[in-house]
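Engineer: So you can see what is in the structure, the chains are spelled out below.
2 protein chains.
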Amino acid sequence: MFDVKVYVTYKDSVLDPQGEAVKGAVHRLGFSEIDEIRIGKYFEIKVRKSARPVETVIEEICDKLLANVNMETYRYEIGEEV
Amino acid sequence: MFDVKVYVTYKDSVLDPQGEAVKGAVHRLGFSEIDEIRIGKYFEIKVRKSARPVETVIEEICDKLLANVNMETYRYEIGEEV
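Protein sequence lines correspond, in order, to chains A and B. According to my numbering, the stretch in the first sequence is residues 27 to 108, in order. According to my numbering, the stretch in the second sequence is residues 27 to 108, in order.
Note that these hints are calculated values from the structure, not bench results. None of these values were measured; they are calculated from a predicted model. Certain hints may be false.
[As the list claims (entries may be wrong)] Partial selection, computed: residues in chain A whose CB lies under 10 angstroms from chain B:
no. : residue
1   : K37
2   : F57
3   : S58
4   : I60
5   : K67
6   : V73
7   : K75
8   : S76
9   : L91
10  : L92
11  : A93
[To be verified] Lysine to aspartate or glutamate pairs mimicking EDC-like chemistry, simulated, CA-CA at most 20 angstroms apart:
no. : chain 1 : residue 1 : chain 2 : residue 2
12  : B       : K67       : A       : E70
13  : A       : K67       : B       : E107
14  : A       : K72       : A       : E85
15  : A       : K31       : B       : D38
16  : B       : K75       : A       : E70
17  : B       : K31       : A       : E46
For glycine and all other residues, C-beta sits at the position ideal for the given N, C-alpha and C.
Whenever a hint applies, use it, and build me the whole structure from the sequences.
Structural biologist: What follows is the structure, given as structure tokens:
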């Protein structure tokens, strides 16, 4: 079993209006030292060992389901095999 | 300036129906080796140096705005000062 963490974020060239809105809220709470907030998705995935390498499985799932590759980019970390 | 990454996830005791739904979709795509998916939020935050320690700023923002501390838990990493 592998513990995989996947982070999906907007590409830098894509505006993040939700992050801008949260930044506004943070400033109104008095935290003027916050310069930028960008919001992404975070997935914790447990993968059983199979014939396919875990990297292949994760990349296919990200490309097909978890990330919109037109606007988003992803990275992942594969934890130690348990 | 600090680069801070914040991860907000449901507490383990809280069901994650969105994660369950995505797991079902992944299985229908043929990835039966996926045992569990839990979905969280991910924030990339740029914090300017101020009189308050960056840890205090981040924890207050998480408690007040980014996480619902009844159902969610958070952790953060503070990147090197730039």
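Engineer: With reference to the structure, classify each hint as holding or not holding.
Structural biologist: Okay, the hints, checked on the actual structure:
1. K37: violated (13 angstroms)
2. F57: Since the shortest Cβ distance to chain B is 6 angstroms, the answer is holds.
3. S58: holds (8 angstroms)
4. I60: At 6 angstroms from the nearest chain B Cβ, I60 of chain A passes the 10 angstroms test, so the hint holds.
5. K67: holds (6 angstroms)
6. V73: Holds, about 6 angstroms.
7. K75: Holds: closest Cβ of chain B sits about 7 angstroms from K75 of chain A, inside 10 angstroms.
8. S76: With a closest approach of 4 angstroms, the S76 of chain A hint holds.
9. L91: holds (6 angstroms)
10. L92: Since chain B brings a Cβ to about 8 angstroms from L92 of chain A, closer than 10 angstroms, the hint holds.
11. A93: Because about 12 angstroms separates A93 of chain A from the closest Cβ in chain B, which is outside the 10 angstroms limit, the hint is violated.
12. B:K67 x A:E70: Distance of about 11 angstroms is within 20 angstroms: holds.
13. A:K67 x B:E107: violated (25 angstroms)
14. A:K72 x A:E85: Holds, at about 14 angstroms.
15. A:K31 x B:D38: holds (16 angstroms)
16. B:K75 x A:E70: violated (32 angstroms)
17. B:K31 x A:E46: holds (16 angstroms)
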